[in-house]
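Protein chains: 2
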Amino acid sequence: MNDVPARWDVRMRGFPSRTSVDQVSRLIRELARPLSAERVGLGEAVGRVLAGEIAAPVAVPGFARAAMDGYALRGEETFGASDYNPLVFDLVGEAMPGRPFPGVVKRGQAVRIMTGAPVPPGADAVVMAEYAREVGGGTAVGVTDAVPPGRHVGQVGEDIQAGQALLGPGRVLRPQDVGVLASVGIATVPVVRRPRIRLVITGDELLPPGAVPGGARIVDSNSVMLEGLVRRDGGIALHDPIVPDRRAAVEDAIRDPRGDMLLVSGGSSVGAEDHAPLVVAEQGELLVHGVAIRPSSPAGLGRLGDRLVFLLPGNPVSCLCAYDFFAGPAVRLLGGRCPEWPHRQVRAPLARKIASAVGRVDYVRVRLTEAGVEPLAISGASILSSTIRADGFVIVSQDSEGCAPGEEVLVYLYE
Amino acid sequence: MNDVPARWDVRMRGFPSRTSVDQVSRLIRELARPLSAERVGLGEAVGRVLAGEIAAPVAVPGFARAAMDGYALRGEETFGASDYNPLVFDLVGEAMPGRPFPGVVKRGQAVRIMTGAPVPPGADAVVMAEYAREVGGGTAVGVTDAVPPGRHVGQVGEDIQAGQALLGPGRVLRPQDVGVLASVGIATVPVVRRPRIRLVITGDELLPPGAVPGGARIVDSNSVMLEGLVRRDGGIALHDPIVPDRRAAVEDAIRDPRGDMLLVSGGSSVGAEDHAPLVVAEQGELLVHGVAIRPSSPAGLGRLGDRLVFLLPGNPVSCLCAYDFFAGPAVRLLGGRCPEWPHRQVRAPLARKIASAVGRVDYVRVRLTEAGVEPLAISGASILSSTIRADGFVIVSQDSEGCAPGEEVLVYLYE
Numbered sequence: 002m003n004d005v006p007a008r009w010d011v012r013m014r015g016f017p018s019r020t021s022v023d024q025v026s027r028l029i030r031e032l033a034r035p036l037s038a039e040r041v042g043l044g045e046a047v048g049r050v051l052a053g054e055i056a057a058p059v060a061v062p063g064f065a066r067a068a069m070d071g072y073a074l075r076g077e078e079t080f081g082a083s084d085y086n087p088l089v090f091d092l093v094g095e096a097m098p099g100r101p102f103p104g105v106v107k108r109g110q111a112v113r114i115m116t117g118a119p120v121p122p123g124a125d126a127v128v129m130a131e132y133a134r135e136v137g138g139g140t141a142v143g144v145t146d147a148v149p150p151g152r153h154v155g156q157v158g159e160d161i162q163a164g165q166a167l168l169g170p171g172r173v174l175r176p177q178d179v180g181v182l183a184s185v186g187i188a189t190v191p192v193v194r195r196p197r198i199r200l201v202i203t204g205d206e207l208l209p210p211g212a213v214p215g216g217a218r219i220v221d222s223n224s225v226m227l228e229g230l231v232r233r234d235g236g237i238a239l240h241d242p243i244v245p246d247r248r249a250a251v252e253d254a255i256r257d258p259r260g261d262m263l264l265v266s267g268g269s270s271v272g273a274e275d276h277a278p279l280v281v282a283e284q285g286e287l288l289v290h291g292v293a294i295r296p297s298s299p300a301g302l303g304r305l306g307d308r309l310v311f312l313l314p315g316n317p318v319s320c321l322c323a324y325d326f327f328a329g330p331a332v333r334l335l336g337g338r339c340p341e342w343p344h345r346q347v348r349a350p351l352a353r354k355i356a357s358a359v360g361r362v363d364y365v366r367v368r369l370t371e372a373g374v375e376p377l378a379i380s381g382a383s384i385l386s387s388t389i390r391a392d393g394f395v396i397v398s399q400d401s402e403g404c405a406p407g408e409e410v411l412v413y414l415y416e
Numbered sequence: 002m003n004d005v006p007a008r009w010d011v012r013m014r015g016f017p018s019r020t021s022v023d024q025v026s027r028l029i030r031e032l033a034r035p036l037s038a039e040r041v042g043l044g045e046a047v048g049r050v051l052a053g054e055i056a057a058p059v060a061v062p063g064f065a066r067a068a069m070d071g072y073a074l075r076g077e078e079t080f081g082a083s084d085y086n087p088l089v090f091d092l093v094g095e096a097m098p099g100r101p102f103p104g105v106v107k108r109g110q111a112v113r114i115m116t117g118a119p120v121p122p123g124a125d126a127v128v129m130a131e132y133a134r135e136v137g138g139g140t141a142v143g144v145t146d147a148v149p150p151g152r153h154v155g156q157v158g159e160d161i162q163a164g165q166a167l168l169g170p171g172r173v174l175r176p177q178d179v180g181v182l183a184s185v186g187i188a189t190v191p192v193v194r195r196p197r198i199r200l201v202i203t204g205d206e207l208l209p210p211g212a213v214p215g216g217a218r219i220v221d222s223n224s225v226m227l228e229g230l231v232r233r234d235g236g237i238a239l240h241d242p243i244v245p246d247r248r249a250a251v252e253d254a255i256r257d258p259r260g261d262m263l264l265v266s267g268g269s270s271v272g273a274e275d276h277a278p279l280v281v282a283e284q285g286e287l288l289v290h291g292v293a294i295r296p297s298s299p300a301g302l303g304r305l306g307d308r309l310v311f312l313l314p315g316n317p318v319s320c321l322c323a324y325d326f327f328a329g330p331a332v333r334l335l336g337g338r339c340p341e342w343p344h345r346q347v348r349a350p351l352a353r354k355i356a357s358a359v360g361r362v363d364y365v366r367v368r369l370t371e372a373g374v375e376p377l378a379i380s381g382a383s384i385l386s387s388t389i390r391a392d393g394f395v396i397v398s399q400d401s402e403g404c405a406p407g408e409e410v411l412v413y414l415y416e
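So the protein lines, in turn, are chains A and B.
Going by the numbering used here, the first sequence opens with residue 2, and the numbers climb by one from there.
Going by the numbering used here, the second sequence opens with residue 2, and the numbers climb by one from there.
One or more of the hints may lead you astray.
[Claimed, not checked] Computed beta-carbon distance windows for the label pairs:
| id | chain 1 | residue 1 | chain 2 | residue 2 | range |
| --- | --- | --- | --- | --- | --- |
| 1 | B | 85 | A | 360 | 25 to 35 Å |
| 2 | B | 344 | A | 369 | 18 to 28 Å |
| 3 | B | 42 | A | 401 | 14 to 24 Å |
| 4 | A | 295 | B | 242 | 50 to 60 Å |
[To be verified] Some chain B residues judged to face chain A by a derived CB distance under 8 Å, without partners named:
| id | residue |
| --- | --- |
| 5 | 32 |
| 6 | 36 |
| 7 | 37 |
| 8 | 40 |
| 9 | 43 |
| 10 | 103 |
| 11 | 105 |
| 12 | 205 |
| 13 | 217 |
| 14 | 220 |
[Said to hold, decoys possible] Residues from chain B that keep clear of chain A, each with C-beta distances beyond 10 Å, as calculated:
| id | residue |
| --- | --- |
| 15 | 20 |
| 16 | 24 |
| 17 | 26 |
| 18 | 122 |
| 19 | 194 |
| 20 | 228 |
| 21 | 285 |
| 22 | 304 |
| 23 | 321 |
| 24 | 340 |
| 25 | 401 |
| 26 | 410 |
| 27 | 411 |
Just so you know, the hints here were simulated from the structure itself, not pulled from any lab data.
Every residue gets a Cβ at the ideal spot worked out from N, C-alpha and C, and that includes glycine.
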């Protein structure tokens, strides 16, 4: 019984050993480094990762500005003003935002001023409109409040000083950050380049998304799923036509230099048609092949020059699991982001037990019900439907034999 | 003291009364209805909101398929097989995914089969490769395991049945949902149209984002911030040039029929240059003007035909606050999404007290420090810088006089 054909034999081989999830995660954190920077305009900056330190080129406010609607004047001249003793000033003009009073406020004079308008030279305080009343057809104003110099005036640089550090590298730019950058006169910012992730989808049985399945052929679902996941993680997916299960075709696809990282879906196992691991080992370095995790144990990780290659099983749930455990953190790290789980998390008690095995991490799809966290009973058959029925997943660590009913577990929610 | 010029007088008027945040929120939930549907391809479907029920047009699997690598044969013929009694079958061919065995498996025959390949007619079970050994140069296979009919065979429709309901309206499509849609042969899906939100930025003092501030002019920061917020909420921002503080210009901008909703930034208060509320009242209906909230009390809400118009204060923090409390939920509702806060939330004790007043909601920017939740000491001056220093905000309800040190508060995190 020794004359087995070589190309079939490989299927019998199995994985020599499986790497632990922790080891793979450590390796990814070592190898996946932020890409170079590029400059983008403010309109594209929200959500991007800052690649350098940003200091304010100008002060905010850039001029002394009114903090209230009212009348600008010399504060010391209001001393003694009260309801019983209104002091009257000549009203010599108006200062509006963007339309300053063109002159100087002299002794005995006041200028109508609106919040945000420049306080005219000569004036040093604002009396709130509530404590002032115009008289003489708007030629004068009676003031009933005494204001010290500086009152209701925002001084130059009071909010942000010129040269002040505003935001540092690694910051994921929020909408209001970009607002502040606009305010200090910045037009473009250096951000980490978005990682371009090339999807290599292999399988003779696959039709492209949008096709109708028929005969022995099924439709590739991993490319559209992976594209959505890559986008969630700040990357850009590059698509190519489906690659047939032929060594030369897989080789061409993997050697193609486009993309900062490769995700190979399908053909990742140890079967006769599983060319990808062999090609990666030959063209570069196969660092991991076989991981102690269920599902997605045939996942792998390699390197071609300085590009990482992830081998994702073709089975959609395994592909999702392997992406989220391994490829996702790498995409985020390439983009300068935090590698941790991006999912919202809730804690809740288990409604039914989860069985696992020591030495293996389990990725268990669950539903959140009134009774608690329900692990979905997944036979091999209900693979696809489970991914849409689940609200999220629970991770059972490799040191655990599972979780008992009533035990509180951490659920990572699918968005 | 009665001869005040009319255009100035309005500034003295103040708000007749302020609407409570709850009332405004209820009004928005009543008025903001999901937009019509449009069809998009799967490549654009992730993150969109499904506008109808989706049923599976075909079954998954669509053919009986191998669930394991091994040998397809007639299960009943393996009865009696064991390590001590291997039963030998003629090996007549191979079935691979996408490349079915072209014949029928007869009595005494077996076919090599790979996971996912169609189980050939005649065969009804798969013996795992581990329990089989090829002999005679690959012309026969010895089987050491007895498998009942159906073993390791995924039956037609076992995962998803043809006609089965998959996803319902309102579902925000996840990456794996779109994968499942591809698998069942769906090419396009009906989704709620993305709301187009027109930004009307008013102010004579404003330069466009990217400009360098100078003289009495400052740079508009609200448009880039609002664009980021609208995108976060699933909408598309439409930009126009900055609108000067002239009644006719504001009128033209507000009457422009483009967009499903309007956000007017600046000129929302009761001052002489605050044209927006008057224009909305004249052209449509001004439903709310003045809200019992700090900051952003001059916020307003109106209607022009069936389009909602939000009046947002020009001050950047007030604008952010008014967007997040009022406009954001409306954008999400128009897009068929959940109006609730999209922010991640954490609970932590207050490091210092927050003072508030009964009858008013407070939006308090805070930092998360080792000492707990630190409210940022906001003088009028540190408005802009506070938005980037803050990690998130705390909402003090209108029934509360504030929060004491040590009290646990809910922090909404800026992403």
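(request) May I ask which of the numbered hints given earlier this structure violates, with the numbers listed in increasing order? (result) 3, 5, 6, 7, 8, 10, 11, 20 and 23
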